[in-house]
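In case you want the letters, here they are:
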Amino acid sequence: MITIDPRTKLILIIITVAFSMLIPTGISTCIWILITTFLGILLGRVGKTLKATLLFGILWFVAIYILPEISGTAHTSLLVWLGLVFKCYPCCMLAGIVIGTTKISEFMAAMAKWNVPRSIVIPLAIMFRYFPTLKEDWGHISDAMALRGISLSPVYFLKNPLVVIEALYLPILVTASKTADELSASAITRGVENPKMRTSRLDIRFRMTDGVILFLFLFTFAGIVMFYAGGYV
Amino acid sequence: MNIDFRNVSFSYPNREAGALKDINLKISQGEFVLLAGSSGCGKTTVTRILNGLIPGFYGGKIEGNVFLDGCEIRDYKSYELAFLVGSVFQNPRTQFFNVDTDSEITFGLENAGMPTKKINEVFDKVTKELELGNLRAKDIFKLSGGEKQKIAFASVYASAPELYLIDEPSANLDTLGIEALKKCLEKIKSQGKTVVIAEHRLYYLAQLVDRVIYLKDGRIEKEIDGDTFRSMSVEALNQMGLRTNQYFKATKKDVKKCREITDDKTLSLKKLSIGYGKKRVLNNLNHDFYKGKICCVTGRNGVGKSTLLRTVCGFIKRSDGNIILNGKEISPKELKKKAFMVMQDVNYQLFADSVLNECILGTKGDSKDKAGKVLKELNLLEFKDYHPNTLSGGQKQRLAIAVSLMMNKEIILFDEPTSGLDYKNMRLCADFLKKLANKGKIIIVVTHDEEFIDCCCDEIYNLA
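In the order they appear, the protein sequences are chains D and G.
Converting from the first sequence to the numbering used here requires adding 1 to each position, the first position being numbered 1.
Converting from the second sequence to the numbering used here requires adding 555 to each position, the first position being numbered 1.
Be a bit skeptical, because a hint or two may be false.
[Unchecked claim] Here are the simulated EDC-like cross-link-like pairs (lysine to aspartate or glutamate), alpha carbons at most 20 Å apart as the crow flies:
| no. | chain 1 | residue 1 | chain 2 | residue 2 |
| --- | --- | --- | --- | --- |
| 1 | G | Lys697 | D | Glu137 |
| 2 | D | Lys104 | G | Asp657 |
| 3 | G | Lys888 | D | Asp204 |
| 4 | D | Lys49 | G | Asp908 |
| 5 | G | Lys892 | D | Asp144 |
| 6 | G | Lys872 | G | Glu889 |
| 7 | D | Lys136 | G | Asp694 |
| 8 | G | Lys632 | D | Glu194 |
| 9 | G | Lys672 | D | Asp204 |
| 10 | D | Lys179 | G | Asp908 |
| 11 | G | Lys893 | D | Asp144 |
| 12 | G | Lys928 | G | Glu965 |
| 13 | G | Lys673 | D | Glu167 |
| 14 | G | Lys680 | D | Glu194 |
[Said to hold, decoys possible] Chain D side only, calculated, beta carbon under 7 Å to chain G, not exhaustive:
| no. | residue |
| --- | --- |
| 15 | Arg149 |
| 16 | Val175 |
| 17 | Thr180 |
| 18 | Arg191 |
Simulated from the structure, these hints should not be mistaken for laboratory data.
Quantities reported herein were computed from a predicted structural model and do not represent experimental measurements.
Note that beta-carbon positions come from the ideal geometry of N, C-alpha and C, so glycine has one too.
I would like the entire structure built from these sequences, with the hints used as guidance.
Here it is in structure tokens:
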């Protein structure tokens, strides 16, 4: 298992976004998913990464072998849907790996090294922090809805859309604003507003592994671009 | 740290509760001071002035002067105060900035800009002194309430502040958690730090306090020195709206002796086992809950009390065994219709834009008359047009009870109903539970609160 600098991870995301924007879906998407899988496993996130790869494999299989057998509207809508999924898959998968393997404190320390202003970093950090809280809240709220006979199933939603929306809206809003308040208050009392350079418990800097990983992604990217440019570059 | 409040008055914007009126208070270096009083008396406000959240974060108008070691508090920047004053808050869930325990403990040091090597030295020292070895490198969301509070304390302790401000730290803790907390408090007291603590549960602090400041409606009504406080009778404290200063365990009661039991009046667990995946959480439970009786379920954190509640609500499928209601086996789906849970954080279960609409939500036909009656019974009628979000904690809880009555639920479950309630509201809650029981409901309460158990519970079911 390796660790890499959060800044490297951000650069990898930027490269992947460029890849998704510039390169048409095709065999290169598979290559990209493969190197992303490789990265995920190296960073120690084995199970979830392999699951994501497997899901991609299944969808790819559907696109190649099953899609041509279908005709009519089903064919078109599936084609469009799959096209969209394949376009987003590399970015989403990498983002999942990055969020799952980066500690908030690491992220903040890395951003401090890049001199990103705190007014940008702190809200981002609070956002990262809020996702797991939201997951917990969601569990409680769906329990509370079930006690009132309100279900989150699609059938119930189609029959009573307003009831479901109302039942979600208020508790999520109230608990989210309470959480945000308490989180901010706690962060302030611990000196988060200190203008002095933030340090970190973990030693954060570019290392050899960062270079190797960056080289791998850039090299693959350049190779794919050259392939599509027809060798004229 | 020496603290000096001179003629301090304060009021929150758009809110009456929690205001302070003409406070004069001196606390000297090394003192352990308890702020006591009922909800809204201004205890928390005092701590917020000391950590600078008032007026910096909460706004409001403050008059008079507050001095820390002779310097005006308003001359400090928020981060300067942060390194002098450490705050531990009530809700351990929302005082974490990080998702892993290690980063959380060192968060304050990182903000202070301490070099990496030094941070790691302090980190090792803190984990050793507070015995946190088994909590290192853990996901905070997977810790129990007590463990979270321990990490919260450690993260403040790491910064070695001169003054500790602690606001209702025991609200979400069980007896063992409170013991651990007490140990931490003893440690900082022995180090000669100044401690100001606002709390409803007093028993675990009795041996530690040097002085009790009793607040009422924003004024200091009484100052009691530690020895006098320790010798005060429970009656005298209750009269002041305070809880007991002595630890006691509610006595075990046996409900079977005092009543005739018939099968059609019970909810019975028969060899009930529940598990998630391969893991068994509860194994082979056998117990009867009776109509018209209040049963308190006790047991330490993590023993499966919440799982039991969620099973009785019909949220979880049982792995083995049966649940029998009125002599017939009952499926989770039917249980969902019969049972209602008042959650620990009742904010999750209030959906509507007014108290009255909250009661009507989901009921069929014209139920306004019934809602009026139910609200009257629960002393909520005068608030019927209020937004549920503007009610106090105790009132929100009663609104949830009203909903259960509107839905004609037979089984009403409570998850830690008294966490964060003062003495008066705790008694009120107990009275309403008795009323519900007299209507023939089955009442099951999960609680750690021995005082509460003592004043309303008919039977104790200890899950161990």
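How the hints compare with the structure:
1. With a CA separation close to 11 Å, the supplied pair G:Lys697 and D:Glu137 stays within the 20 Å bound.
2. Restraint check for D:Lys104 and G:Asp657: satisfied, since their Cα atoms lie roughly 10 Å apart, inside the 20 Å limit.
3. For the hint pairing G:Lys888 with D:Asp204, the CA-to-CA distance comes to about 53 Å; that exceeds 20 Å, so the pair is violated.
4. For the hint linking D:Lys49 to G:Asp908, the alpha-carbon distance of about 41 Å lies beyond 20 Å, and the restraint is violated.
5. Between G:Lys892 and D:Asp144 the alpha-carbon distance is near 13 Å, which keeps this suggested pair within the 20 Å criterion.
6. Between G:Lys872 and G:Glu889 the alpha-carbon distance is near 12 Å, which keeps this suggested pair within the 20 Å criterion.
7. With a C-alpha separation of about 14 Å, the suggested pair D:Lys136 and G:Asp694 falls inside the 20 Å cut-off, and the hint holds.
8. Using a Cα cut-off of 20 Å, the hinted pair G:Lys632 and D:Glu194 holds, with the two alpha carbons roughly 9 Å apart.
9. For the hint linking G:Lys672 to D:Asp204, the alpha-carbon distance of about 9 Å falls within 20 Å, and the restraint holds.
10. Our distance criterion of 20 Å between C-alpha atoms is met by D:Lys179 and G:Asp908, whose separation comes to about 18 Å.
11. Our distance criterion of 20 Å between C-alpha atoms is met by G:Lys893 and D:Asp144, whose separation comes to about 15 Å.
12. In summary, the hint linking G:Lys928 to G:Glu965 is supported, as the alpha carbons are separated by about 18 Å, within the 20 Å threshold.
13. For the given pair, G:Lys673 sits about 51 Å from D:Glu167 by alpha-carbon distance, which is inconsistent with the 20 Å threshold.
14. Taking the CA atoms of G:Lys680 and D:Glu194, the gap is near 26 Å; set against the 20 Å cutoff, the hint is violated.
15. Among the interface hints, the one on D:Arg149 holds; its C-beta lies about 5 Å from the nearest C-beta in chain G, closer than the 7 Å criterion.
16. Checking D:Val175 against chain G by beta carbon gives a least distance of about 5 Å; that is within 7 Å, so the hint holds.
17. Here the hint on D:Thr180 is kept, as its CB sits about 5 Å from the closest CB of chain G, short of 7 Å.
18. Using the Cβ-Cβ criterion of 7 Å, the hint placing D:Arg191 at the interface with chain G is satisfied: the shortest such distance is roughly 4 Å.
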